[in-house]
Amino acid sequence: MAAVLVVVALAGGAFWYFKPAALDPLLPISLGKASSETWLDRLGSQNPRVAEAAESEVKQLGAAALTQVAATLNDPKAPPERRKAALRACVLLGPAALPMLPQVAAHLKSPDYAAEAALALSVLGREAFTPLVDALKSPEAEVRKEAARSIGKLE
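Heads up, the sequence shown stops at 176 in our numbering, and the numbers go up one at a time, no gaps.
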């Protein structure tokens, strides 16, 4: 009888760990996080299936996603992982995220966000050239490196 309980417990644990991402909306708590998470919260997920689903949602939303992106980038109390997810959303949206240029450029000045912000600027188009060139004068080596890399990727 004990062996059966062990097998059932192991099977339940394996299911929970490897559960399909499609079941996430059906469960009130998913991987320890409340189901009220937004696509922006899920975009930075360590679970590739969750992050991929969030990427698809961002692309579907298109410019409508910019409201949440702007709110996050303008919020000084937003957690770093959420800010990085907002910058990632700008990359996914490409030129449609051009209205976010000033907020993205402001994040380029911080070494903590330089990689994400520089990548976002590289997909925004020619308008991003000036902030990237300005970042080459930064006293922070990480900022200069990411700016130089993104100038070469400008679309």
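Bear in mind the hints are in silico, worked out from the structure with no lab data behind them. Values in this document were obtained by computation on a predicted structure and should not be read as measured data. Backbone N, C-alpha and C define an ideal beta-carbon position, used for all residues, glycine too. Incorrect hints may have been included.
Restraint-style ranges between C-beta atoms, simulated for each label pair [unchecked claim]:
| # | residue 1 | residue 2 | range |
| --- | --- | --- | --- |
| 1 | Gln67 | Glu163 | 21 to 27 Å |
| 2 | Asp96 | Met22 | 51 to 57 Å |
| 3 | Met22 | Ala84 | 19 to 25 Å |
| 4 | Glu148 | Lys98 | 26 to 32 Å |
| 5 | Ala92 | Pro116 | 19 to 25 Å |
| 6 | Glu161 | Pro123 | 15 to 21 Å |
| 7 | Met22 | Glu58 | 37 to 43 Å |
| 8 | Asp96 | Ala169 | 27 to 33 Å |
| 9 | Arg147 | Ala85 | 32 to 38 Å |
| 10 | Asn68 | Phe150 | 21 to 27 Å |
| 11 | Ser77 | Ala169 | 16 to 22 Å |
| 12 | Ser77 | Asp133 | 26 to 32 Å |
Given the range 32 to 38 Å, decide if the beta-carbon distance of Arg147 to Ala85 lies inside it.
For Arg147 and Ala85 the Cβ distance comes to about 25 Å; the hint is violated.
Within 19 to 25 Å or not, the Cβ separation of Met22 and Ala84?
violated (59 Å)
Is 37 to 43 Å right for how far apart the beta carbons of Met22 and Glu58 are?
holds (40 Å)
Within 15 to 21 Å: is that where the Cβ-Cβ distance between Glu161 and Pro123 falls?
Because 19 Å falls inside the window, the suggested range holds.
Honestly, do Glu148 and Lys98 meet the 26 to 32 Å range at C-beta?
Holds, since Glu148 and Lys98 (Cβ atoms, about 28 Å apart) stay within the stated range.
Cβ-Cβ distance between Ala92 and Pro116: within 19 to 25 Å?
holds (21 Å)
CB of Asp96 to CB of Met22, is that within 51 to 57 Å?
holds (55 Å)
Is 16 to 22 Å a correct range for the gap between the Cβ atoms of Ser77 and Ala169?
This hint is violated: roughly 32 Å between Cβ atoms.
The hint says 27 to 33 Å between Asp96 and Ala169; measuring C-beta to C-beta, is that right?
Roughly 29 Å apart at Cβ, these two residues keep to the hinted range, so it holds.
For the hint 21 to 27 Å, verify it against the beta carbon of Asn68 and that of Phe150.
violated (36 Å)
Does 26 to 32 Å hold as the CB distance between Ser77 and Asp133, or does it fail?
Taking Cβ atoms as reference, Ser77 and Asp133 lie about 27 Å apart, which means the hint holds.
Between Gln67 and Glu163, is the Cβ distance one that fits in 21 to 27 Å?
Check passed, 23 Å falls within 21 to 27 Å.
Hints 3, 9, 10, 11 from the earlier list are contradicted by this structure; the remaining hints agree with it.
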